[in-house]
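Whenever a hint applies, use it, and build me the whole structure from the sequences.
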Amino acid sequence: MPFLHPALCRRRITDLTVDELRICSRLPVRLLLLDVDNTLSRHGEKEPAPGVGEWVHRMEQAGFRLLILSNNTKKRVAPFAAKLGLPFLSCCAKPLPLCYLLACHRMGVKRQEAVLIGDQIFTDVLGGCVCHMATVLLEPIEEETGWSFRLRRKWEEPYRQRFGELDHQNKNEKG
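Position 166 (the sequence shown) corresponds to 166 in this note's numbering; numbering is contiguous.
Just to be clear, a hint being listed does not mean it is correct.
Said to hold, decoys possible - Derived DSS-like pairs: lysine-lysine, alpha-carbon spacing no greater than 25 Å straight-line: (1) LYS110 - LYS75; (2) LYS46 - LYS75; (3) LYS46 - LYS83.
What the hints contain is simulated information worked out from the structure, not anything from laboratory work.
Given below as structure tokens:
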């Protein structure tokens with residue numbers, strides 16, 4: 001798989017199935033690393049997006065361990081993680097690999113047994129790829145209004161278009 005290319009691209013986290021996640025890495029997947037803003041909830045929202053709690057429960061029932069991995073502060077992430085009953089790491093400085101590797105160590109898994117799920121290519125996906133993890137790229141739940149977010153999304157456009165084309169080709173080959 002080419003560098004910086006996610007194993008899967010989906011619209012929302014709730015679109016991901018147990019079966020898809022089980023086969024998106026060479027080794028059996030044991031850990032799902034989850035971004036918060038625009039992955040599990042709207043940016044800055046205190047409550048998970050509709051269906052996220054049920055999705056988390058399904059993944060846990062399927063035997064996956066889950067951990068929230070966020071660049072946001074502990075003040076933001078801790079209460080959010082508590083609502084889902086999940087452990088977390090905050091202030092991660094993604095895409096730097098330290099927190100990705102720390103999360104795997106903390107959860108007792110090899111990095112190749114982890115899948116990073118997030119909405120940003122140059123933080124979530126890049127960091128996962130640097131650590132040789134499978135990644136899943138989601139569409140953001142909502143478009144952010146800040147200039148830095150808009151600039152990042154603009155840089156992501158050609159990649160997202162290419163990933164969408166490859167994802168569509170893969171579905172046609174399988175189906």
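*For the pair supplied as a hint, LYS110 and LYS75, is the alpha-carbon distance within the 25 Å limit?*
Distance of about 29 Å is beyond 25 Å: violated.
*asked:* Does LYS75 sit within 25 Å of LYS46, going by the straight-line distance between their CA atoms?
replied: holds (11 Å)
*LYS46 and LYS83: Cα distance at most 25 Å?*
Roughly 9 Å between the alpha carbons, so the hint for LYS46 and LYS83 holds.
Of the hints listed earlier, the one the structure fails to meet is number 1.
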